[in-house]
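Asks: Okay, here's what each chain looks like letter by letter:
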Amino acid sequence: MERRADVSILEMTAVELGRKIKSREVSVVQATKAALEQIKALEPAVHAYVTVDEEGALKKAEEIQKKIDAGELTGPLAGVPVAIKDNMCTEGMLTTCSSKILYNFVPAYTAEAVRNLEKAGAVILGKTNMDEFAMGSTTETSAFGVTRNPWNPDHVPGGSSGGSCAAVAANECFYALGSDTGGSIRQPSSFCGVTGIKPTYGTVSRYGLIAYGSSLDQIGPIAKDVTDCAAVLETIASYDKKDSTSIPREDCDFTSALVDDVKGMKIGIPRDYFGEGLDKEVKDAILAAAKVLEEKGAIVEEFDLSLVEYAIPAYYVIASAEASSNLSRFDGVKYGLRAKEYEGLHDMYKKSRSEGFGPEVKRRIMLGAFVLSSGYYDAYYLKALRTKALIKKAFDKAFETYDLILGPASPSTAPRLGESLSDPLKMYLGDIYTISVNLAGLPGMTVPCGLDSRGLPIGMQLIGDCFQEKKIIRAGYAFERSRKYQGPAIAADPKAAAAQAQRGALCGNAREWEAAAAAADKRPADVGAGKEVRS
Amino acid sequence: MANKISDETIEYVGILAKLDLSDEEKEEAKKDMGRMLDYIDMLNELDTSGVEPMSHVFAANNVFRDDVVTNGDDRENILKNAPEQKDGAFKVPRTVE
Numbered sequence: 001m002e003r004r005a006d007v008s009i010l011e012m013t014a015v016e017l018g019r020k021i022k023s024r025e026v027s028v029v030q031a032t033k034a035a036l037e038q039i040k041a042l043e044p045a046v047h048a049y050v051t052v053d054e055e056g057a058l059k060k061a062e063e064i065q066k067k068i069d070a071g072e073l074t075g076p077l078a079g080v081p082v083a084i085k086d087n088m089c090t091e092g093m094l095t096t097c098s099s100k101i102l103y104n105f106v107p108a109y110t111a112e113a114v115r116n117l118e119k120a121g122a123v124i125l126g127k128t129n130m131d132e133f134a135m136g137s138t139t140e141t142s143a144f145g146v147t148r149n150p151w152n153p154d155h156v157p158g159g160s161s162g163g164s165c166a167a168v169a170a171n172e173c174f175y176a177l178g179s180d181t182g183g184s185i186r187q188p189s190s191f192c193g194v195t196g197i198k199p200t201y202g203t204v205s206r207y208g209l210i211a212y213g214s215s216l217d218q219i220g221p222i223a224k225d226v227t228d229c230a231a232v233l234e235t236i237a238s239y240d241k242k243d244s245t246s247i248p249r250e251d252c253d254f255t256s257a258l259v260d261d262v263k264g265m266k267i268g269i270p271r272d273y274f275g276e277g278l279d280k281e282v283k284d285a286i287l288a289a290a291k292v293l294e295e296k297g298a299i300v301e302e303f304d305l306s307l308v309e310y311a312i313p314a315y316y317v318i319a320s321a322e323a324s325s326n327l328s329r330f331d332g333v334k335y336g337l338r339a340k341e342y343e344g345l346h347d348m349y350k351k352s353r354s355e356g357f358g359p360e361v362k363r364r365i366m367l368g369a370f371v372l373s374s375g376y377y378d379a380y381y382l383k384a385l386r387t388k389a390l391i392k393k394a395f396d397k398a399f400e401t402y403d404l405i406l407g408p409a410s411p412s413t414a415p416r417l418g419e420s421l422s423d424p425l426k427m428y429l430g431d432i433y434t435i436s437v438n439l440a441g442l443p444g445m446t447v448p449c450g451l452d453s454r455g456l457p458i459g460m461q462l463i464g465d466c467f468q469e470k471k472i473i474r475a476g477y478a479f480e481r482s483r484k485y486q487g488p489a490i491a492a493d494p495k496a497a498a499a500q501a502q503r504g505a506l507c508g509n510a511r512e513w514e515a516a517a518a519a520a521d522k523r524p525a526d527v528g529a530g531k532e533v534r535s
Numbered sequence: 001m002a003n004k005i006s007d008e009t010i011e012y013v014g015i016l017a018k019l020d021l022s023d024e025e026k027e028e029a030k031k032d033m034g035r036m037l038d039y040i041d042m043l044n045e046l047d048t049s050g051v052e053p054m055s056h057v058f059a060a061n062n063v064f065r066d067d068v069v070t071n072g073d074d075r076e077n078i079l080k081n082a083p084e085q086k087d088g089a090f091k092v093p094r095t096v097e
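Residue numbers (our numbering), protein chains in the order written: chain A, 1 to 535; chain B, 1 to 97.
The reader is advised that the hints may include incorrect statements.
What the hints assert, rightly or not - So, partial list: chain B residues that the calculated Cβ filter (under 10 Å) puts toward chain A:
| # | residue |
| --- | --- |
| 1 | Ser-6 |
| 2 | Glu-8 |
| 3 | Thr-9 |
| 4 | Tyr-12 |
| 5 | Glu-28 |
| 6 | Met-33 |
| 7 | Leu-37 |
| 8 | Arg-65 |
| 9 | Val-69 |
| 10 | Asn-71 |
Simulated from the structure, these hints should not be mistaken for lab results. Ideal Cβ positions, reconstructed from N, Cα and C, are used throughout, including at glycine.
Chain A on its own, in the form it takes in the complex (with noise of 0.2 Å):
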């Protein structure tokens, strides 16, 4: 007999579920089991989870449960289930980067992001799909099946936090992490109608975070609304040593900015976002919800940002020279797949990362060793960080004026699966209004207000200067009191969920890619099964 998920749990947000379990209302290990049920009911339709790690989850809750009773824990998010990206290392638990080539690697540390949420007594729900390697905008890349829009399961959710964002629409989780390297959490949260920050480049540790580019990533919290990515944000952010890009802060309080007020904040829009290739309907909504800032006493005002469309190239360049770079260190050696079939060291290397490596990945990576060899180097790689400076120099010509920058996160809603792969250069396009975010180092946060004529979410994308995150969470604060949030009909009637499976072929996870390469005889029998989560 099928049990029915607890509807009323998971309908709360994160702080609501915390402070329901404070108050003895709900318990830890009732809010996991809730999350749980609901990621068996639902996954066949959307597959948001590469692995689920139901036996940890259940154990945590009871131990987390107990540090509660005891008055150890008493922060805003003590006992609230989360869901981690995959390319979050979690010591014992599988951590694949939706690759084959890390199919079977289970770290032995954990990043200093999750390990402040455990700090802080989160209970990890499992890992979740994205790009192969966080590389691609619509989590169609991932080597263990797309995932699925929530609101659509013809449409992607986006990418490449893809996985994270559709678990949170689809209340498979109440929060998640997810990270940003060119719009990662902004454009799938605006996709799956959820809310998403890319925080200041520095403010949470990159420790334990896989590499893609990393003078670009950060790590951001995925939620149902602004007041939960507040709290999530103030307990990832941290100084860390252990990451040299780390930057200190002392302005870390992100709730105190929960106001409801926008009277006399300076909000320019850029003309040059709203030209041609923007979609119709996606145009009307984010000038309705910059209505919204306005009639709440915002200044609102048009202005020229320039330089928009030299982000993606530059950004291109930038991001896979340092992917180039980064991904070298997965030669088959100390850990992940290694090829059955070599002559030699060279041809292992050459052979292991071959057969692991995705074809968006190597495109990537060829690319990057391109730009960054002799005779080509000044041509493409300096010239992109010229350009980057150039950027940055407009952004903050802008923040002279503006308290912070209003504009859609991505130039349509979901596409259809199946649709952006063929051609990845017009994939590349559609990342215009995010990209530049991260080469400026700025925080950005993505706010639903709206569905298309099809019923796909629309996301407004905040945009702040350097660690003005506060600015970007009271607008988004105060513009959310204007709307409540919704979800998509799926995540409430785990019926309709059933009914979506049924009708497409429904994609794998990384356990059974490893048995069907354990079946085909890929790779020595001793390596895999079993792996999963290490106690």
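Assemble the complex: chain A is given as a structure, and chain B must be docked to it using the hints.
Replies: Just chain B now, kept in the frame of chain A:
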């Protein structure tokens, strides 16, 4: 297409990237990279003379610390991930005859 990627270039990139590409993948890569570089060439419209390349947004200074070991010996845990191991070390194909 303005950028024509030669067989030699793809061969060279394959060596740099340590990737073993099939003939089909090579053809695909030539096409993809050519298109990407055409697009990236858009950056040449920008006058960047006199602009310093910006590798980090915030001034990145070296962070010094005392040379003290703070983490314990985690050899056993780390070796659990090794595709092959021998005598407490990672095993690789013979490299020196």
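Asks: Which of the listed hints are not met by the structure?
Replies: Hints 1, 2, 9 contradicted; others consistent.
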